[in-house]
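Fit chain B to the known structure of chain A by using the hints.
2 protein chains.
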Amino acid sequence: MALPSSVRIVEVSPRDGLQNEKTMVSTVDKIELINRLSDCGLKTIEATSFVSPKWVPQMADAAEVYAGIDKRPGIAYPVLVPNLQGYERARAVGVQEIAVFTAASEAFNQKNINASIAESLERFAPVITAAQDDGVRVRGYVSTVLGCPYQGEVPLSDVVRVAKDLYAMGCYEISLGDTIGVGTPAKARAMLQAVAAEVPMDALAIHFHDTYGQALANILACLEEGVSVVDAAVAGTGGCPYAQGASGNVASEDVAYMLQGMGIKTGIDFTKLVGTGVWLAGRLGRETGSKAGRAYDP
Amino acid sequence: MALPSSVRIVEVSPRDGLQNEKTMVSTVDKIELINRLSDCGLKTIEATSFVSPKWVPQMADAAEVYAGIDKRPGIAYPVLVPNLQGYERARAVGVQEIAVFTAASEAFNQKNINASIAESLERFAPVITAAQDDGVRVRGYVSTVLGCPYQGEVPLSDVVRVAKDLYAMGCYEISLGDTIGVGTPAKARAMLQAVAAEVPMDALAIHFHDTYGQALANILACLEEGVSVVDAAVAGTGGCPYAQGASGNVASEDVAYMLQGMGIKTGIDFTKLVGTGVWLAGRLGRETGSKAGRAYDP
Numbered sequence: 001m002a003l004p005s006s007v008r009i010v011e012v013s014p015r016d017g018l019q020n021e022k023t024m025v026s027t028v029d030k031i032e033l034i035n036r037l038s039d040c041g042l043k044t045i046e047a048t049s050f051v052s053p054k055w056v057p058q059m060a061d062a063a064e065v066y067a068g069i070d071k072r073p074g075i076a077y078p079v080l081v082p083n084l085q086g087y088e089r090a091r092a093v094g095v096q097e098i099a100v101f102t103a104a105s106e107a108f109n110q111k112n113i114n115a116s117i118a119e120s121l122e123r124f125a126p127v128i129t130a131a132q133d134d135g136v137r138v139r140g141y142v143s144t145v146l147g148c149p150y151q152g153e154v155p156l157s158d159v160v161r162v163a164k165d166l167y168a169m170g171c172y173e174i175s176l177g178d179t180i181g182v183g184t185p186a187k188a189r190a191m192l193q194a195v196a197a198e199v200p201m202d203a204l205a206i207h208f209h210d211t212y213g214q215a216l217a218n219i220l221a222c223l224e225e226g227v228s229v230v231d232a233a234v235a236g237t238g239g240c241p242y243a244q245g246a247s248g249n250v251a252s253e254d255v256a257y258m259l260q261g262m263g264i265k266t267g268i269d270f271t272k273l274v275g276t277g278v279w280l281a282g283r284l285g286r287e288t289g290s291k292a293g294r295a296y297d298p
Numbered sequence: 001m002a003l004p005s006s007v008r009i010v011e012v013s014p015r016d017g018l019q020n021e022k023t024m025v026s027t028v029d030k031i032e033l034i035n036r037l038s039d040c041g042l043k044t045i046e047a048t049s050f051v052s053p054k055w056v057p058q059m060a061d062a063a064e065v066y067a068g069i070d071k072r073p074g075i076a077y078p079v080l081v082p083n084l085q086g087y088e089r090a091r092a093v094g095v096q097e098i099a100v101f102t103a104a105s106e107a108f109n110q111k112n113i114n115a116s117i118a119e120s121l122e123r124f125a126p127v128i129t130a131a132q133d134d135g136v137r138v139r140g141y142v143s144t145v146l147g148c149p150y151q152g153e154v155p156l157s158d159v160v161r162v163a164k165d166l167y168a169m170g171c172y173e174i175s176l177g178d179t180i181g182v183g184t185p186a187k188a189r190a191m192l193q194a195v196a197a198e199v200p201m202d203a204l205a206i207h208f209h210d211t212y213g214q215a216l217a218n219i220l221a222c223l224e225e226g227v228s229v230v231d232a233a234v235a236g237t238g239g240c241p242y243a244q245g246a247s248g249n250v251a252s253e254d255v256a257y258m259l260q261g262m263g264i265k266t267g268i269d270f271t272k273l274v275g276t277g278v279w280l281a282g283r284l285g286r287e288t289g290s291k292a293g294r295a296y297d298p
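These protein sequence lines are chains A and B, in that order. Position 192 of the first sequence, counted from 1, bears residue number 192 in the working numbering, the numbering being contiguous throughout. Position 201 of the second sequence, counted from 1, bears residue number 201 in the working numbering, the numbering being contiguous throughout.
Chain A with its partners taken away, still in its complex shape:
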C-alpha cells in the first residue's frame, strides 16, 4: 500500500454534475458555482461542455459560462469537447484545456456517440493535434470501465487498450470512469492495476459514480494502488440516466472529508466546499447529495 501524500480533486459538478440534473441552472448561477469552487482551493474545475445543444441542452450556454468565470492563476478550467467544431467554439472564448471522451464499451459508444471506439478515437485525433499546436492541454475520459448499461461486462483488455491509445495520442491524463457506478473495490483495484501497467500511474485519474454507494470504497482501493487524482462533484450532483432515482457523482465533500481524515493533502477549504455544495443543492431545489455536507456543522 502506497497512499499518496497529496491528492488533486478534479471538480466536475459544473459539467458532469449539471449535465445530468433535471433542474436547469441559469448561466449566472453556473458562473457563480465555478467562482465559488475556485475559492475552495480546487486546482482543476471542469467548467462546461462544448457539445451540440441539440444533444445536451443543459450546456447550450458553454461559451457564456466560460467567458463569464474568473480565471484564477494556478487553476485549470477544462471543458469537454466532442469534435473539431466544439474545439473551435471553445478556443474562440480562450479555453486553455480540453477533455475528450470515449468509452471502453463498444455498445456504449455506439449508443452514446454513434461511433465505434476506433471511430471515436479517429474523430479525436485532429482535435488533439489542433490542441497540441495551440498549446492546449488535453485530458481524456474513458467511461464504462467497470460495466456498461448495454453490454454488461466490459473486458479489462478493452479498458487498457483505450486508455493506452488516448495516452499515446497525447492526453496528459486519463480519467477512468465507472459511469454506471456498479464497480466494487476489488474490481476497481484490478482495473487500475491493469491500466497502470501500460500508462504511468501519475497520468491516471479515477472517476466514480455513487449509484450503488460504492464510490468512496472504490476510491480508497485505488488510492492504495497509488492513484492521486480523483474526479468528484459537490453535492453529489449528476444522477444516473441508467438507474432511476440513483445517486450521481461521488460527492467532493465526502472525498475531501476522507482524504483530510487520512492526512492526505488536498489544498481544499472543507468548510467552503460544504458551503458551495449546500448552495448548489439550493439552486437545484433539493437536499445536498453529500453525507458529509449534511452532517458537517462548521
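Worth flagging that the hints you see were computed from the coordinates, not collected in a lab. None of the values given here were measured: they were computed from a predicted structure. Glycine residues also receive a C-beta, built at the ideal position from the N, C-alpha and C atoms. Don't take each hint at face value.
Label pairs and their calculated CB-CB ranges [as the list claims (entries may be wrong)]:
1) B:Glu-287 / A:Lys-272: 26 to 36 angstroms
2) A:Val-28 / B:Gly-152: 17 to 27 angstroms
3) B:Lys-22 / A:Gly-282: 16 to 26 angstroms
Some chain A residues judged to face chain B by a derived CB distance under 10 angstroms, without partners named [claimed, not checked]:
4) Leu-84
5) Pro-241
6) Glu-253
7) Met-258
8) Ala-295
Then chain B, alone, in the frame of chain A:
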C-alpha cells in the same frame, strides 16, 4: 492484505435502526421485519432492546416482538440488555443471546447511561455471569471508538482497554462502533489493529454509521485487516441523534453489494435483502437510505 473469504453481517435494523427513527413502527411490522430478514439468509439479527421504555419508547414492545418472531434454526436473535432487570425480562421470553453496551468515551458514558466506563462494566458483570450460568451468549458493544459528540477525540488506549475488558468478562464478540460516523479509513484501520493486538480478530466486529458517508470505505479498510463480522441495517436505518438530518447505520444492502462484488461470501439473498429494505422504508414513510437498494432493479 488478508481479505476474509466470508463475512457475517449482523443485521441491526430492528434495534439500532428503529430505535433512532422518528417514525414508530408497529409491533406487527417489527415482527414482519425480523421474519423477512430471516428469509434473507442473515445469520445474526439483533431483534430488540430490553431497556426501560422510559428511555427508549420505540423498544417498549421488546417482549412482544421477541415472543412473536419465528426463531429459525441457525439464526441468532440477540437482544440488547442494559442491566439485570432487562436481562430477566429478556429471559422470561426465552432469549438465547444478549448484547451489552458501553462506550470508549467517559463523557459519552456519563451522558448516555450516567455511569463511568468502570461503573458500566461493573453493572454488566452480574448480567454476564447470569447469562453464562444460563448458557446465554453475550455480545459486547463498544461505542464512540473513533470520536465522541461530547469529548471529541477518544484515546485509542481507552478503546483497547474497554474491548479487552468486555472480552475478558466473557463476551464472545466485541462490536467496535463509530457511533457518530466521523471516522475515516486510516483511523478505522489503526483502531482495529490496536484492538486486535489484545483481542483475537475473530472475536471482533465493526459497526459503522454513515453520517459522513465514510462507512463503506471504513469497512473496506477493516476487511483488509482481516475482520469478518460487520454490523449493518437494511435501508440504512438509524439516523444520528448527534447530527441533524444525517444518515444512519451503513446500509446492509450496500455492504452486501460490495462483498458480493468482491467475491466474499455472505450467504445473503441480495434481491430479498433489497426488497426488505424497500419494504421497511415504506413502513417508515421515506425513501430507502441504501443507494444499492435504490439502484438495483432485479
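Structure versus earlier hints - violations, ascending order: The structure conflicts with hints 2, 4, 5, although it agrees with all the remaining ones.
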